[in-house]
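Q: Listed below, chain by chain, are the residues.
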Amino acid sequence: MSNVKEFHSPSAEEIAAATNAEFDTRLLDTMCVNESQLKHPWWYNLKYAAVGLVFGLAFVKAEIVSWFRIQEMFRLQSFHMYGIIGTGVVLGAISVWLIKRYKVKTIYGEQIEFHNKKFNRGQIFGGTIFGLGWAMTGACPGPLFAQIGSGAFVIGVTLLSAIAGTWVYGYFRERLPH
Amino acid sequence: MIKVTTFVDNYQTINMELLSKPWPWWVAGIIIGLIVPALLILGNKHFGLSANLRHACAACFPANVKFFKYEWRKEVWNFFFVGGIIVGAIIATTVLANPEPVKVVPELAAELQTYGITDYSGMVPNQLISWESLFSLRGFIMLVLGGFLVGFGSRYAGGCTSGHSIMGLSDLQWPSLIATIFFMVGGFIMANLILPHILML
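These protein sequence lines are chains F and U, in that order. So the first sequence is numbered by the working numbering: it starts at 1 and just counts up by one. So the second sequence is numbered by the working numbering: it starts at 1 and just counts up by one.
To be clear, the hints were calculated from the coordinates, so they are not data collected in a lab. Keep in mind it's a predicted model, so treat the numbers as computed, not measured. Treat each hint with caution, since some may be false.
Listed next, the stretches of chain F that the computed footprint assigns to chain U, with coverage defined by at least 3 CB atoms under 8 angstroms from CB atoms of chain U [as the list claims (entries may be wrong)]:
#1 47-53
#2 77-91
#3 126-138
#4 141-149
The C-beta atom is built at its ideal place from N, Cα and C for all residues, glycine as well.
Start from the sequences and build out the full structure, keeping to the hints where you can.
A: Dropping the structure here:
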């Protein structure tokens, strides 16, 4: 319980400090910009592993990580993937709306935060490049891990290549149009 | 007592059968939709998987690139999330394995046959995605170039299917809608216009 007491609402100075350059970079580039004020031991992270486990089950059992299902989706031959993503977005949107509407807090009593994404041309150029790779490998970053778990160990090479692609993006970032 | 045991056994058999069959789209959709509030409520975390690729760069070879100089240890939760995905996938392919091959629509099966893809026993086509295939031109392009495009493109776009198409759209972020539209544009171009040529190699 002492952990919970350490949490405090951000002051005006802290909010100002949070709008510094590093924050902007992180807001633009990674999805997780929320800084928890809590310091927890490592095993508190196991709850995320539990959520991931259910996700991994659904990934394989609903064949979301199947190369064949992705080909069907991009050839408009099956409703399956559209149904999954559509249901996910509708439920996710209702959840986010409820969380905002009723100011739902985390299980540790922290305020749940949302940050508006800024448009840049990377979403067009990078999005298209990502789509090309998605249809080729039949996997986006999440399913890459699930495909490896399902026994396709050669996808480990694809994963390393994806990490290399991320690194090359980071290296040339300043020179790319955004 | 015997009757009760039999009932329980039957019930479990039925359940296992249900779980082992491919899950319908709406079950997966509900699970994915609920991951959004689960991560938010458990710890203010935003669903997004491609960020892990960046954290891996930051953790292993930051090489003085500004983009990789940040406190990646704060994002360790996402590595745990991915670890869970791998374990879930292992359980799904062992304990809950579907004994039948992946069902594919006849149109796609007919097309794939012309490229010599006839094995539907795995999540990925074994004739295309395997160690032997990796050393062929076709396999190398698909596995290595494909992976590179996924990693490069998702970071350039600021997220992937989970971060933009699920989390971003759930939060009604219009830049995420643009990213999602171009994910689909790229996918349609590759699957219909480019991939047939690669598969013929």
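Q: Compare the structure with each hint and give your call.
A: We went through each hint and held it up to the structure:
Counting residues of the segment 47-53 of chain F whose CB lies closer than 8 angstroms to any CB of chain U gives 7, so the stated coverage by that chain holds, three being the minimum. Only residues whose C-beta sits within less than 8 angstroms of a C-beta in chain U count toward coverage, and the segment 77-91 of chain F has 14 of them, enough to reach three; the restraint holds. With a cut-off of 8 angstroms between beta carbons, the segment 126-138 of chain F has 13 residues touching chain U; three or more are needed, and the interface restraint holds. Check result for the segment 141-149 of chain F against chain U: holds, 8 residues qualifying (beta carbon to beta carbon below 8 angstroms, three or more required).
Violation of the numbered hints given earlier is absent; every hint is satisfied by the structure.
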